[in-house]
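K.L.:
Guided by the hints, dock chain B onto chain A, whose structure is given.
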Amino acid sequence: MTISTIDPNAIDIANDLISDNDVEETSNEFGGGLTKEDSDRAIEENEDFIPYIGDASEDHTPQVTEDTRPAHVRTAELFDRMKPRRRELMKILALCTEPVDAADVHKAGNAMQAAHRSVYDGEALCNLLVRAGALQKIESEDRAPEVVVEDGIEYLKPAGKKSVQYCTTPVGQAVLDDDKPKERLFAALEKEPEYKPIFLRILLACAEDGGKTAKQLGDLVDKDELLQSPRRWAAYFFNILHECDALTWNTTWTTTELGMQGIEALELEGVMA
Amino acid sequence: MSNALNNDQSQLTLAEFAEINDRRASSYAFLSRLFAKEVDPELLDHMHNMKFPMNTGNSDTDEGNRLLAGYLSNIWDGTLQELAVDYVHTFIGSGIDAFSAAYPYESVYTSPKRLMMQEARDEVLAIYRSQGIEKALSWQEAEDHVAAELEFMAALATRTADLCREENEEAVTRLLRTQRGFLADHLYAWTGMLTADMRKYARTDFYKSLASLLDGLLGSDLETLNNILGPEEA
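If you read the sequences in order, they're chains A and B. Under this note's numbering, the residues of the first sequence are numbered 8 to 280, in order. Under this note's numbering, the residues of the second sequence are numbered 2 to 235, in order.
Isolated chain A (complex conformation) (with noise of 0.2 Å):
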């Protein structure tokens, strides 16, 4: 034999590659037992050597599992993760308390963000509340299509868009009834009631025709004594009452009908803007 012009560790590189027990051992990319190091030396001395990278049957997809939460809980995840798009989620529901076709759901749902970017679509927000089951998806029957015969020939002519309509589930529904905006506004109105002139006059403001800007709502009271120790500014207070739904973001801050029953009720209080 010329084993003994065999180069030593060869032999070992060998016994690694004809090794059963080292093929169904591995736990390296490289397989068979064999270390990167191994592989390259091989590789260096041995222009032929392959070495063995895997079955390409196997499917190393990592497995996606399903979340089988109750609907609730997967519900109140999506809108505590997703608080910047509360009011287009909520808007949704509200919109298909009844079933409503999934291409006008989506497209109000653009509209909604029409004047704030997000990397979220009305298409992508509906999928959102359909994997946490605030929301469902009523399809009609899958169809099959035609048969048409044209010169003799026959052909397979696809059938018309399918119909997809969008409906809000009890869980869904839930959310909406749980939604009390009103109690929202007035809470956080009574939770810092010495700036309850500041909230006035900024709803004010913003009923105006054309609404307002965030530099025009500081220029009208971030010089107010009401706001310098502790020091706030215009922003503190019109994210309070977008929170609350009392002022809405198109372009300008601009209050809302919720906004309105707010300023009734100040005044009615007393409040001086």
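The hints are simulated quantities; they were obtained by calculation from the structure and are not laboratory data. Source: prediction; values computed, not measured. Some hints could be false.
[Said to hold, decoys possible] Once the Cα atoms are required to be at most 25 Å apart in a straight line, the calculated DSS-like pairs of lysine-lysine come out as:
(1) B:52 / A:169
(2) B:114 / B:201
(3) A:168 / A:144
(4) A:144 / A:98
(5) B:52 / A:168
(6) A:90 / A:187
(7) A:114 / A:168
(8) B:38 / A:168
(9) B:52 / B:38
(10) A:203 / A:187
(11) A:114 / A:98
(12) A:164 / B:114
[What the hints assert, rightly or not] Taking CB as the label site, the calculated pair distances span:
(13) A:257 / B:142: 37 to 47 Å
(14) B:86 / A:94: 22 to 32 Å
(15) B:175 / A:51: 55 to 65 Å
(16) A:98 / B:224: 57 to 67 Å
(17) B:89 / A:51: 19 to 29 Å
(18) A:124 / B:167: 33 to 43 Å
(19) A:190 / B:93: 41 to 51 Å
(20) A:117 / B:113: 47 to 57 Å
(21) B:175 / A:125: 37 to 47 Å
(22) A:156 / B:136: 41 to 51 Å
(23) A:80 / B:113: 41 to 51 Å
(24) A:156 / B:142: 17 to 27 Å
(25) B:17 / A:117: 49 to 59 Å
(26) A:124 / B:17: 51 to 61 Å
Glycine is no exception: its CB is placed at the ideal position from the N, C-alpha and C atoms.
P.N.:
For chain B alone, kept in the frame of chain A given last:
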């Protein structure tokens, strides 16, 4: 037609053969587009209005047409996003190694370590250049991407049609041999593995049908070229 071309096609005039090559070019270009990037609204609309022949004589093509027509019969407003997601899932994947998607590069399937930009890419690049073709600056992928190889075949088929109209039989024969060689040595040699992976990873019938359509086109085109040119010279 000259003796260089097989008797099966001897009844065709060059003008008729030009039309056949126009159709070949369209088929290759269509599949190239589907592999190159996600479906856009115009393409989806166009495909929804197409008619798909039921009995082409090629079982892969028939299967692809059946699946595709069935999928297109159930499109809705969310189909484009569904297809975009499946494009990524099928061809890009979400794993961290070379076994999580149907990577559409010849090098991946023909190199020992399933890497991109290997010998196959260098070879096809040389072939493209020999025909005076280079990838466009806007195309950011490697030259051995399946979409590029399909578009190369489309370009050669178009040239063949033009040469037929110029009645240059010798050039037609030469170009047909080039196409057969590229199909046999490159495109058809590796795409069987690609389409097997596509059937494994694709979630929509759209991309599963694309696998069958690719198998059908390449198989039948190679058969046609062999019939036209006769056996390959040793």
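K.L.:
Verify the proposed pairing of residue 52 of chain B with residue 168 of chain A, using a straight-line Cα cut of 25 Å.
P.N.:
holds, 15 Å
K.L.:
For the pair we were handed, residue 114 of chain B and residue 201 of chain B, check the Cα-Cα distance against 25 Å.
P.N.:
With a Cα-Cα distance of about 20 Å, the restraint between residue 114 of chain B and residue 201 of chain B holds, given a limit of 25 Å.
K.L.:
Quick check: does the Cβ-Cβ distance between residue 156 of chain A and residue 142 of chain B fall within 17 to 27 Å?
P.N.:
Violated, since residue 156 of chain A and residue 142 of chain B (Cβ atoms, about 41 Å apart) do not stay within the stated range.
K.L.:
Does residue 38 of chain B sit within 25 Å of residue 52 of chain B, going by the straight-line distance between their CA atoms?
P.N.:
Status holds; Cα separation ~23 Å.
K.L.:
Quick check: does the Cβ-Cβ distance between residue 257 of chain A and residue 142 of chain B fall within 37 to 47 Å?
P.N.:
holds, 42 Å
K.L.:
Residue 52 of chain B and residue 169 of chain A: Cα distance at most 25 Å?
P.N.:
holds, 18 Å
K.L.:
Does the Cβ distance between residue 175 of chain B and residue 125 of chain A fall inside 37 to 47 Å?
P.N.:
violated, 57 Å
K.L.:
For residue 98 of chain A and residue 224 of chain B, compare the CB-CB distance with the range 57 to 67 Å and indicate the outcome.
P.N.:
Roughly 58 Å apart at Cβ, these two residues keep to the hinted range, so it holds.
K.L.:
Would the pair residue 144 of chain A and residue 98 of chain A pass a check requiring their Cα atoms to be no farther apart than 25 Å?
P.N.:
Since the Cα atoms of residue 144 of chain A and residue 98 of chain A sit roughly 17 Å apart, the hinted pair holds (cutoff 25 Å).
K.L.:
Lying within 49 to 59 Å: is that true of the beta-carbon distance residue 17 of chain B to residue 117 of chain A?
P.N.:
At roughly 51 Å between Cβ atoms, residue 117 of chain A and residue 17 of chain B fall inside 49 to 59 Å, so the hint holds.
K.L.:
Assess, step by step, whether the Cα of residue 168 of chain A is no farther than 25 Å from the Cα of residue 144 of chain A, and give holds or violated.
P.N.:
This hinted pair holds, its Cα atoms lying about 15 Å apart.
K.L.:
Looking only at beta-carbon atoms, does the pair residue 89 of chain B, residue 51 of chain A fall within the given range of 19 to 29 Å?
P.N.:
violated, 37 Å
Violated hints, in rising order: 12, 15, 17, 18, 21 and 24; the structure is consistent with all others.
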